[in-house]
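Q: Sequence:
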Amino acid sequence: MNQTAAAPMTAPTVLVPKKKHRNLAQGVVEAFTGSIQAGTIKPGEKLPTESVIMEMHGVSRTVVREAISHLQAAGLVQTRHGIGTFVLEPQPANLRISADTIRTIGDVLAILELRISLETEAAWLAATRRTEEQVQQMGAVLKRIQTAQGRPGSVESDVAFHLLIAQATGNRYFVDILSDLGNTIIPRARVNSAQLAHDDPAVYLERLNREHDDIYNAILRKDAEAARAAMRTHLSNSRERLRRAQEGIVADQPA
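Under UniProt numbering, read the sequence shown as residues 1 to 255, first letter to last.
Hints are computed from structural coordinates only; laboratory data are not their basis. It is possible that part of the hints are untrue.
FRET-style restraints, in silico, Cβ to Cβ [unchecked claim]:
1) R207 x A140: 20 to 30 Å
2) S60 x D200: 37 to 47 Å
3) T233 x L88: 21 to 31 Å
4) G82 x E133: 48 to 58 Å
5) S35 x R243: 14 to 24 Å
All residues carry an ideal CB built from backbone N, CA and C; glycine is no exception.
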């Protein structure tokens with residue numbers, strides 16, 4: 001009795017999760033950065049074409065272009081339109097921090113950690129060195145912040161307040177670093193930290209104004225220790241709000 005041959009078994013389909021786009025671009029960036037730093041690709045040499053890089057790393061043209069943009073921002077390569085992308089001579093290290101590299105909540109948290117170290121001492125120095133004109137300028141800027149109450153212009157005024165404190169130190173390097181960061185020193189310029197942390201906007205702004213007042217009043221009194229403590233409280237509170245926001249985003253992501 002003839003039996004029908006059993007159909008061959010097929011391997012089960014395995015769904016492999018796709019890597020995030022940014023992780024793919026970062027992988028390409030790290031590969032080229034390593035080759036450049038190791039001298040495998042020397043200054044003046046041309047990088048492979050987009051098509052070759054796509055084949056080498058198994059990524060799309062969009063990923064390759066994002067990776068090249070990151071390498072350009074890092075000062076490692078230069079693209080000459082119609083010719084190609086070339087490795088640059090290494091530049092001496094400096095203190096500049098590119099605002100373009102601050103993209104995620106994690107990046108903003110890292111900047112806040114830097115600012116806590118930097119600006120607490122700036123506030124201490126400002127309280128001991130400030131002039132009458134400088135505290136008058138700080139007071140005027142605080143009034144603008146309170147009037148704006150989160151509307152356009154409040155971020156710029158907030159930046160101006162912190163820059164005035166840096167200027168009152170009499171040390172231009174405090175000013176240089178904060179000026180490099182620009183509006184990115186204010187977390188809400190990049191992310192709505194109040195909303196992400198589920199804070200009531202009115203309560204958030206009221207607390208922000210109170211923190212600014214505490215810093216200003218300590219500098220006005222020339223109370224260096226109080227100024228340092230008030231600045232630390234202000235920046236630490238910002239960090240805590242963002243940390244809660246980041247935890248909330250991770251918790252909301254599907255498993």
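Q: Look at the Cβ atoms of T233 and L88 and judge whether their distance stays inside 21 to 31 Å.
A: violated, 43 Å
Q: For the hint 14 to 24 Å, verify it against the beta carbon of S35 and that of R243.
A: violated, 36 Å
Q: Does the Cβ-Cβ separation between G82 and E133 fall within 48 to 58 Å?
A: Roughly 54 Å apart at Cβ, these two residues keep to the hinted range, so it holds.
Q: Evaluate the given range 20 to 30 Å for the C-beta pair formed by R207 and A140.
A: holds, 22 Å
Q: CB of S60 to CB of D200, is that within 37 to 47 Å?
A: holds, 43 Å
The structure fails to meet hints 3, 5 from the earlier list, while all remaining hints are met.
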